[in-house]
Amino acid sequence: MRPLLPLVALVASGLQADALAPVEGDPPNLPVFPTGDAEGPSFYSHSPLPVSPHSKIHHRRSISALALIVPIVAVVFLIYQCILHLKRRDDPFITVQSRRLASGELDPCSAPEGDESGSDPAALPTGNGSPHGKQLGRLQLGPQDTACLTQEEVRGVGDARRLLQGLIKEIQSLEQQSSSLSSTAASLRASLAKPPEGGGPEAEQKKKELQKMLHKTSQGMDKVRAQLVEKKFHCNEKMWTAGQDSTALLRRASLLASGRHVTSGAAAALVARDIVLGTAPDIIFDGPLKTALGALVQQLLAEEGRCNVWVNRSPGPNYWSRRVAGGGTWKMHGRANESKTTNSG
Numbered sequence: 001m002r003p004l005l006p007l008v009a010l011v012a013s014g015l016q017a018d019a020l021a022p023v024e025g026d027p028p029n030l031p032v033f034p035t036g037d038a039e040g041p042s043f044y045s046h047s048p049l050p051v052s053p054h055s056k057i058h059h060r061r062s063i064s065a066l067a068l069i070v071p072i073v074a075v076v077f078l079i080y081q082c083i084l085h086l087k088r089r090d091d092p093f094i095t096v097q098s099r100r101l102a103s104g105e106l107d108p109c110s111a112p113e114g115d116e117s118g119s120d121p122a123a124l125p126t127g128n129g130s131p132h133g134k135q136l137g138r139l140q141l142g143p144q145d146t147a148c149l150t151q152e153e154v155r156g157v158g159d160a161r162r163l164l165q166g167l168i169k170e171i172q173s174l175e176q177q178s179s180s181l182s183s184t185a186a187s188l189r190a191s192l193a194k195p196p197e198g199g200g201p202e203a204e205q206k207k208k209e210l211q212k213m214l215h216k217t218s219q220g221m222d223k224v225r226a227q228l229v230e231k232k233f234h235c236n237e238k239m240w241t242a243g244q245d246s247t248a249l250l251r252r253a254s255l256l257a258s259g260r261h262v263t264s265g266a267a268a269a270l271v272a273r274d275i276v277l278g279t280a281p282d283i284i285f286d287g288p289l290k291t292a293l294g295a296l297v298q299q300l301l302a303e304e305g306r307c308n309v310w311v312n313r314s315p316g317p318n319y320w321s322r323r324v325a326g327g328g329t330w331k332m333h334g335r336a337n338e339s340k341t342t343n344s345g
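Anchor point for the sequence shown: position 164 equals 164 in the UniProt record's numbering, and the numbering is continuous, going up by one each time.
Quick caveat, the hints were computed from the structure, so don't treat them as lab data.
Honestly, I wouldn't trust all of these hints.
[Unchecked claim] Below, simulated DSS-like cross-link-like pairs (lysine-lysine); rule was C-alpha separation at most 25 Å, straight line: (1) K169 <-> K231; (2) K212 <-> K169; (3) K208 <-> K223; (4) K238 <-> K216; (5) K232 <-> K134; (6) K223 <-> K169; (7) K206 <-> K216; (8) K231 <-> K216; (9) K238 <-> K223; (10) K134 <-> K169; (11) K134 <-> K238; (12) K194 <-> K216; (13) K223 <-> K212; (14) K194 <-> K212; (15) K194 <-> K206; (16) K134 <-> K231; (17) K194 <-> K207; (18) K232 <-> K169.
This structure is a prediction, so every number in the text was calculated from the model and none was measured.
Take the sequences, apply the hints, and build the full model.
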């Protein structure tokens with residue numbers, strides 16, 4: 001229909017020009033009255049041919065009416081095409097593949113748009129070094145961490161860990177389903193791409209069955225991938241972030257201000273619990289918390305200093321290995337010290 005639009009426009013412009021052009025034998029700017037008679041009774045007496053003025057006027061009026069109707073029809077047709085285009089673009093059930101099928105640019109057996117390679121969405125990283133693996137690690141309590149937490153806090157940490165583990169398992173299951181459906185769709189496309197062996201109605205029926213199976217598989221794959229996108233979105237909201245370490249330090253200082261001494265692992269587990277379960281942390285950074293945070297920092301710095309002193313004063317590994325080996329070098333060092341003492345005396 002679209003190639004006809006220039007032709008319609010040309011016809012309309014031609015008719016309009018023909019209607020506006022003066023008729024041969026008519027004087028310019030000659031008004032025509034409703035009765036059909038021209039001003040001046042002696043004009044048509046000078047015409048070389050006996051032409052009726054009423055027939056000329058009727059012919060000109062017919063062309064003028066047609067010249068007005070054709071552009072109106074063309075405009076209405078353009079508006080109708082624009083409405084159809086907008087409706088198809090906004091309709092969520094009409095995909096790019098269906099539009100390409102309608103235009104004849106795509107074979108029904110070819111791969112859908114955006115899935116030429118049959119690749120699946122990126123797998124969710126769940127290793128120990130991944131953000132999700134780190135969050136699971138934060139939710140793993142040791143004996144010392146459990147000892148300094150209440151039973152309710154321990155249950156909350158366990159619930160958060162089970163929730164995140166279950167969400168990761170659901171995503172992995174959906175990823176396997178998506179991969180299996182992609183393989184099935186690729187196999188069906190390969191079967192449809194092969195030429196029919198025998199031909200006839202049986203081959204046509206088999207082709208239709210394969211097309212139905214491919215359509216059903218594609219629908220299932222779209223559904224699984226939509227679920228994958230939703231699950232991964234929720235799972236990514238619960239993964240570990242670098243800001244959790246600072247929040248865990250504030251949580252530990254807050255508990256210290258209230259008179260509770262908790263381990264760093266317990267504080268990190270409480271922060272991870274709040275993120276996974278979606279609960280708001282009850283931390284108010286006020287004056288007492290600032291004081292407690294400063295005391296905690298000083299305590300950590302003191303512990304670091306004691307560790308450095310112990311590391312610097314402790315003998316090296318060679319010293320302990322020689323001592324365990326039998327004491328030969330140890331005795332030699334002892335005699336050397338005795339000789340130094342005797343000489344000095």
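Structure-based check of all given hints:
1. K169 <-> K231: With a Cα-Cα distance of about 10 Å, the restraint between K169 and K231 holds, given a limit of 25 Å.
2. K212 <-> K169: Not satisfied, since the Cα-Cα distance of roughly 31 Å exceeds 25 Å.
3. K208 <-> K223: holds (23 Å)
4. K238 <-> K216: violated (34 Å)
5. K232 <-> K134: holds (16 Å)
6. K223 <-> K169: holds (18 Å)
7. K206 <-> K216: holds (15 Å)
8. K231 <-> K216: holds (23 Å)
9. K238 <-> K223: holds (23 Å)
10. K134 <-> K169: holds (16 Å)
11. K134 <-> K238: Holds, because 11 Å separates the two Cα atoms, which is no more than 25 Å.
12. K194 <-> K216: holds (20 Å)
13. K223 <-> K212: holds (17 Å)
14. K194 <-> K212: holds (17 Å)
15. K194 <-> K206: It holds: about 12 Å lies between the C-alpha atoms, which stays within 25 Å.
16. K134 <-> K231: The hint holds at about 19 Å.
17. K194 <-> K207: holds (10 Å)
18. K232 <-> K169: holds (11 Å)
Consistency with the previously given hints fails for numbers 2 and 4, ordered from lowest to highest.
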